[in-house]
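According to our numbering, the sequence shown is numbered sequentially starting from 1.
FYI, nobody ran anything at the bench for these hints, they're computed from the structure.
Note that this is a predicted model, so its numbers are computed, not measured.
Honestly, I wouldn't trust all of these hints.
As the list claims (entries may be wrong) - Straight-line alpha carbon distances no greater than 25 Å define the calculated SDA-like cross-link-like pairs of lysine to any residue that follow:
no., residue 1, residue 2
1, K33, N52
2, K64, R44
3, K33, I109
4, K64, C21
5, K33, E92
6, K33, R43
7, K33, T86
8, K64, P89
9, K33, P48
10, K64, D20
11, K33, P89
12, K33, R56
13, K64, R18
14, K33, Q63
15, K64, V29
16, K64, Q125
17, K64, S19
18, K33, A94
19, K33, Q125
20, K64, V83
21, K33, S113
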Amino acid sequence: MDTESKHSEAEALHATYRSDCPSRTVVEVLANKWSMYVLAALRRAQGPMRFNELRRLLDGITQKMLTQTLRTLERDGFVERTVYPTTPPRVEYALTEVGLAAGRLTTAIADWSVEHAREILAARQDYDARSQMPTQAVVAVPRR
Numbered sequence: 001m002d003t004e005s006k007h008s009e010a011e012a013l014h015a016t017y018r019s020d021c022p023s024r025t026v027v028e029v030l031a032n033k034w035s036m037y038v039l040a041a042l043r044r045a046q047g048p049m050r051f052n053e054l055r056r057l058l059d060g061i062t063q064k065m066l067t068q069t070l071r072t073l074e075r076d077g078f079v080e081r082t083v084y085p086t087t088p089p090r091v092e093y094a095l096t097e098v099g100l101a102a103g104r105l106t107t108a109i110a111d112w113s114v115e116h117a118r119e120i121l122a123a124r125q126d127y128d129a130r131s132q133m134p135t136q137a138v139v140a141v142p143r144r
């Protein structure tokens, strides 16, 4: 690899840290707790899911938050929404190819979280216990 290629590769890498990098908006969506759970749930379902199926599965999510999350994921091309002309209308959500790829990432993060939850909770508990300890005041002794 020549010097010019290495330089442009380094610039591209550092561009991802810039506030004007378009990838930041993608990371913001994927880093959202509910986006991660929705993508993982749809991936594990291995097929379309209805709104209320998702809502029942995702304990703690409100109807409003699920609606917002699904709209964002649909807008960004992660999720496809299909409306069937029935009475009442039946709506299903499924992952697109991009959503499947992102779902693999979010599922891996979820699996890792389950695997390491105990040690992380223990580390939190240790940190919190240390934070509660009274700090000793340091008294400066004047030099002679």
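Here's how the hints hold up against the structure:
1. K33 <-> N52: holds, 19 Å
2. K64 <-> R44: Holds. K64 to R44 sits at ~23 Å (cutoff 25 Å).
3. K33 <-> I109: holds, 11 Å
4. K64 <-> C21: With a Cα-Cα distance of about 29 Å, the restraint between K64 and C21 is violated, given a limit of 25 Å.
5. K33 <-> E92: This hinted pair holds, its Cα atoms lying about 21 Å apart.
6. K33 <-> R43: Distance ~16 Å between K33 and R43 Cα, so the pair holds.
7. K33 <-> T86: Judged against 25 Å, a Cα distance of about 32 Å means the pair is violated.
8. K64 <-> P89: It holds: about 19 Å lies between the C-alpha atoms, which stays within 25 Å.
9. K33 <-> P48: Holds - the C-alpha atoms of P48 and K33 are around 21 Å apart, at most 25 Å.
10. K64 <-> D20: The hint is violated at about 29 Å.
11. K33 <-> P89: Roughly 29 Å between the alpha carbons, so the hint for K33 and P89 is violated.
12. K33 <-> R56: It holds: about 16 Å lies between the C-alpha atoms, which stays within 25 Å.
13. K64 <-> R18: violated, 32 Å
14. K33 <-> Q63: Holds, at roughly 15 Å.
15. K64 <-> V29: holds, 17 Å
16. K64 <-> Q125: violated, 33 Å
17. K64 <-> S19: With a Cα-Cα distance of about 29 Å, the restraint between K64 and S19 is violated, given a limit of 25 Å.
18. K33 <-> A94: holds, 18 Å
19. K33 <-> Q125: With a Cα-Cα distance of about 22 Å, the restraint between K33 and Q125 holds, given a limit of 25 Å.
20. K64 <-> V83: Holds, because 19 Å separates the two Cα atoms, which is no more than 25 Å.
21. K33 <-> S113: This hinted pair holds, its Cα atoms lying about 13 Å apart.
Going down the numbered hints, you'll see the structure goes against 4, 7, 10, 11, 13, 16, 17, while the others check out.
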